[in-house]
Amino acid sequence: MSRGKLWEKLRPYVMIGPAMIGIGLFVIYPLFYLIYLSLFKFNLMNRNMSKFVGLDNYIQILGRQDFYKSLTNTVVYTAGVVILTLALSLLIAVWLSKRTRVNAIVQAGIFTPHIISIVSVSLIWLWMMEPSLGFLNYILKGLGLPTSQWLQSSKSAMMSIIIVSVWQAIGYYTLILVAALQGVSPTIYEAAALDNASKVKVFRKITLPLISPQLFFILIIMTIGSFKVFDTVKIMTGGGPNNATNTLVYYIYSYRTTNIGYAAAAGVVLMIIIGILTIIYFRLMAKKVHYQ
Amino acid sequence: MASIEFVNVTKEFDKKEIIKDLNLKIEDGTFTVLVGPSGCGKTTLLRMIAGIGPQTSGAVLIDGKDVTDIAPGKRGVAMVFQNYAIYPTMSVRENIEFGLKNNKVKKAERTELVESISAAVGLTDFLDRKPSTLSGGQRQRIALARAMVKKPSVFLMDEPLSNLDAKLRAQMRIDLIELHKKLGTTFVYVTHDQVEAMSMADTIVLMNQGLIQQEAPPETIYHEPSNIFVAQFIGVPPMNIDELGVGGVKFGFRPESAIGSTEAGTTPFSIRGEVVTREMLGSETLYKINYKDTSFMIKSLEDRFTVNQQVYVSVPTEKMYFFGEDGNRIPTSHPSYSSYIEALRSY
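Line by line, the protein sequences are chains A and B. Using the working numbering, read the first sequence as starting at 1 and increasing by one per residue. Using the working numbering, read the second sequence as starting at 1001 and increasing by one per residue.
No lab work stands behind these hints, which were simulated from the structure alone. Some hints here could point you the wrong way.
Said to hold, decoys possible - Derived Cβ-Cβ restraints for the label pairs, each shown as a range:
hint	chain 1	residue 1	chain 2	residue 2	range
1	B	D1125	A	K228	47 to 55 angstroms
2	A	A286	B	E1112	55 to 63 angstroms
3	B	I1177	A	F203	51 to 59 angstroms
4	B	A1119	A	F203	50 to 58 angstroms
5	B	G1064	A	G144	54 to 62 angstroms
6	B	D1125	A	G24	33 to 41 angstroms
7	B	G1064	A	V184	44 to 52 angstroms
8	A	K5	B	D1125	45 to 53 angstroms
Unchecked claim - Stretch-level coverage of chain B by chain A, calculated; a stretch enters the list once three of its residues show a Cβ under 8 angstroms from a Cβ in chain A:
hint	region
9	1072-1081
10	1108-1120
Note that beta-carbon positions come from the ideal geometry of N, C-alpha and C, so glycine has one too.
Only chain A is shown next, with the shape it has when bound in the complex (with noise of 0.2 angstroms):
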């Protein structure tokens, strides 16, 4: 008696207990982890050498040129990114959105770029961005327009590296959109015609808010994204020329060996205004986001 109640007042941890050990073991663990390592001057040769050393590392964050150099190229970037992939894979759901054979064949030209690797997509744009050499100056150049250093020069870097993210992401968020758009009743728009609805006011006040919740998707999830951004800057342009792509992440990761505790306060840092950001979101978007 005692032991089956027992066993049903376990039953339910016992039950989520696998996933739960999965979570703590992946993301509890190293969270708490990565917050404690923050706290110290860590000696990776040999721990019992390594100091705490309190909020020190914080405090020296909050004070360095190059924390917010590094933050600012990051939020330029997010910006850029997350506006220009919206814009333009809105743009192009819109027009693949009506069901027809050429419409699928450009739909799956489009959503190529997002299977294959980004290293292989940073390096073939590595190459094409070539100054001298390379293919969009050569297009430029031939069409008589004035050529780029793009990611040779500190001025065009960071929109190089944009351009290269947008052209990878535009497809994948475009399937999600055009989805969306598919799944609003046609006769809605029939019932918008016989209102005498202009076509901008059809999109502005019906599919717009009709696809908001997936609008909101792909900011939030392209925001948290792009600010954790690394392997394209780690690849095309390793931060540079003179730091103008050094991004959070990136700055997280050239402390990796000489000191992993900034470096893991900075994640933290990293951590926190994410999370503020997507607060923010939730707080400003909630109300336009029709759920149905």
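Let chain A serve as the given structure and place chain B on it in line with the hints.
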């Protein structure tokens, strides 16, 4: 107010002709019901009037004016869709005034119109709610209010009651008849339900496979069907029809025209059969009577017979219908009409 006219209208979907060379005139101010089985082209006709599914060739005239090149929103028509097509992200008020806003109606006038129309359909308390929080009947009313508020000259309705439960449907039928009386505008109503057609229409247009089978008031459609299809489509249960055995001619009679009795009748059509099923519906009773290798449905106001009982069924001569080989009804003035009546004796 407006009349509607179809002139040699053809509609193709993927090279398949759904409607071919159709001509139809819908008079101003009438309640016209387009009825027929699914796929007969009735909704297609309705969408042509609205302009949201234009004809392949031919012309649609509203008030004598060809509207082919006029946008749906500028035709002076309003439509109630089968699934209501309410804008889910807008409140009830925004739904109703959307058309007015697009037509640049002033705010004060808009508010007044919305208030008066929503009071008329009983939505006043829900104006600031989202449609998703309302019941099917209330959404139906939003769709109606949205159509009414534009004061259209033509009301189009595409099976608007099919998503409602039986009781609400009966109520809405009466509401729609009253609405039509009050507004006096042209109503074009599409349904596959012959009960809706019979109860509401001034004129029924019965269609099958893209062709108009008959266009007449409900009484005429019921008492003088032009062919077998009409005779069997209208009426519950449908008209009993069987081969007469003379030159491919068929005869038919309505279930309520038959008189069941325990004694042999004296009319030309008088048979003796066995009751197989009995359906007591309250005010009337339906019997299925087996005779030779066929069966007939009869409807009686009295509940006198039991299953397996042998009964006589007779039908008064004036209530018999005859249909030629092509399916068309043979009029009483036809020279061989009396010979067909005689042929019934040997059935």
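Here's how the hints hold up against the structure:
no., hint, result
1, B/D1125 <-> A/K228: 47 to 55 angstroms, "50 angstroms, holds"
2, A/A286 <-> B/E1112: 55 to 63 angstroms, "34 angstroms, violated"
3, B/I1177 <-> A/F203: 51 to 59 angstroms, "39 angstroms, violated"
4, B/A1119 <-> A/F203: 50 to 58 angstroms, "33 angstroms, violated"
5, B/G1064 <-> A/G144: 54 to 62 angstroms, "59 angstroms, holds"
6, B/D1125 <-> A/G24: 33 to 41 angstroms, "51 angstroms, violated"
7, B/G1064 <-> A/V184: 44 to 52 angstroms, "37 angstroms, violated"
8, A/K5 <-> B/D1125: 45 to 53 angstroms, "50 angstroms, holds"
9, 1072-1081, "holds (count 7)"
10, 1108-1120, "violated (count 0)"
The earlier numbered hints that this structure contradicts are 2, 3, 4, 6, 7 and 10.
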